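Asks: If you want the building blocks of each chain, they are given just below.
There are 2 protein chains.
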Amino acid sequence: MSNRLSEEGLDLLFRQARTHSAWLDKPVSDDTLKQLYDLMKWGPTSANCCPARILFLRTPEAKRRLLPALAPGNVDKTMAAPVTAIIAYDLKFYEQLPKLFPHTDARAWFANTPELAGITARRNSSLQGAYFMIAARALGLDCGPMSGFDNVMVDHEFFPADGETNAFQLEHFPDSHVKANFLCNLGYGDPTKLHARSPRLEFDEVCKLL
Amino acid sequence: MSNRLSEEGLDLLFRQARTHSAWLDKPVSDDTLKQLYDLMKWGPTSANCCPARILFLRTPEAKRRLLPALAPGNVDKTMAAPVTAIIAYDLKFYEQLPKLFPHTDARAWFANTPELAGITARRNSSLQGAYFMIAARALGLDCGPMSGFDNVMVDHEFFPADGETNAFQLEHFPDSHVKANFLCNLGYGDPTKLHARSPRLEFDEVCKLL
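Listed in order, the protein sequences are those of chains X and A.
The opening residue of the first sequence carries number 52 in this note's numbering; numbering runs sequentially from there.
The opening residue of the second sequence carries number 52 in this note's numbering; numbering runs sequentially from there.
Just chain X, with the same shape it has in the complex (with noise of 0.2 Å):
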């Protein structure tokens, strides 16, 4: 195994890659949405919590349900795109612990300290939409990252708490621990739509060596 990733890499995942909003008339597939989980599973996580629950939403009946609570501005794109993920967290998490972390009870730092649950729960799973995001573009999508919606809509709507839950949402997260971290859509992207890259800051503007 080489020890640095090809120049051709860097630039697929970092250099070159781009935020879309337009996208070509391609469908991604479950298998790849299988394969892209299947790559960012691996990424680190504190005690290897892996807080991080996907919706992939990719039918438009799923993405009308998204709609009300969408900012203006990311509504047209959100419907043209192939998929739109939910990537959320389940702040319950440390019930997987036993399983996930099992050479100490790594579940009671975490069971009775909800603040620290609830820290561990969104700086992690946004360790993770951050994996999700590199490993969609290592199997060649792109992605649209957003943070422009209502999260009490969405969680009322995808992650209902007790009393107001269908059977359905009832089944799969039965009492509203988990909650929306951001948004991403997935497809591959029009490229002649891109508009200039933005800058970004210098390394003397962000990092100091001590």
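Just so you know, these hints were derived from the structure itself, not from any lab.
Warning: the hint list may mix true and false statements.
Since copy identity is lost for identical chains, a pair holds within one copy or between any two.
Stated by the list, open to error - Cross-link-like lysine to aspartate or glutamate pairs, in silico, DMTMM-like; alpha carbons within 20 Å at most:
id, residue 1, residue 2
1, Lys244, Glu256
2, Lys244, Asp206
3, Lys143, Asp255
4, Lys85, Glu253
5, Lys114, Asp206
6, Lys85, Glu256
7, Lys77, Asp62
8, Lys128, Asp76
9, Lys114, Glu58
10, Lys143, Asp206
11, Lys77, Glu58
12, Lys259, Asp82
All values reported here derive from a predicted model rather than from experimental measurement.
Given the structure of chain X, go ahead and fit chain A onto it with the hints provided.
Replies: Quick look at chain A alone, frame taken from chain X:
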């Protein structure tokens, strides 16, 4: 440009990559740290807000300032690592938006909404922390990310508030709007010291196709 990463690349970044705690006696050059930043900076953030700030602790003196804040299990591997990065975030990231997102007044979205600014800084600096680790692996480095530390102590030592600020810190981080997110050791890991890999959740435990 190929539109899919090579199998070798997928192994390097995801499938064979491991979190390391034992390090080969091989330094990490400042030039490599600059290459790392020049890759990770391209990863997408909300409104291109780029809130991550990074301290690279390279010397025993710099790392000794961190030691009192570390969980006991993180001390030896941190002192042994060639570099320890403090991945932090700037709560006033929005002051850079006129440069980073010039087409609209994005600064106004955050400047008077500290709660939204905080959520945005934490989410996006975590995304950037993941880009940091993937970029490090792409350059042949290994990572040892850590959440086991006292945030208050790290912030007090490295990003102190007004009135507790020495000249160096006043210059770089004038009023404690920079906060630590997580730590990451960097170096070339010793593969003979790795334990068996922990399991991951299956696709159907994490993802739903709607």
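Asks: Which constraints among the numbered hints does this structure fail? Numbers only, ascending.
Replies: Violated hints: 1, 2, 7, 9, 11; rest satisfied.
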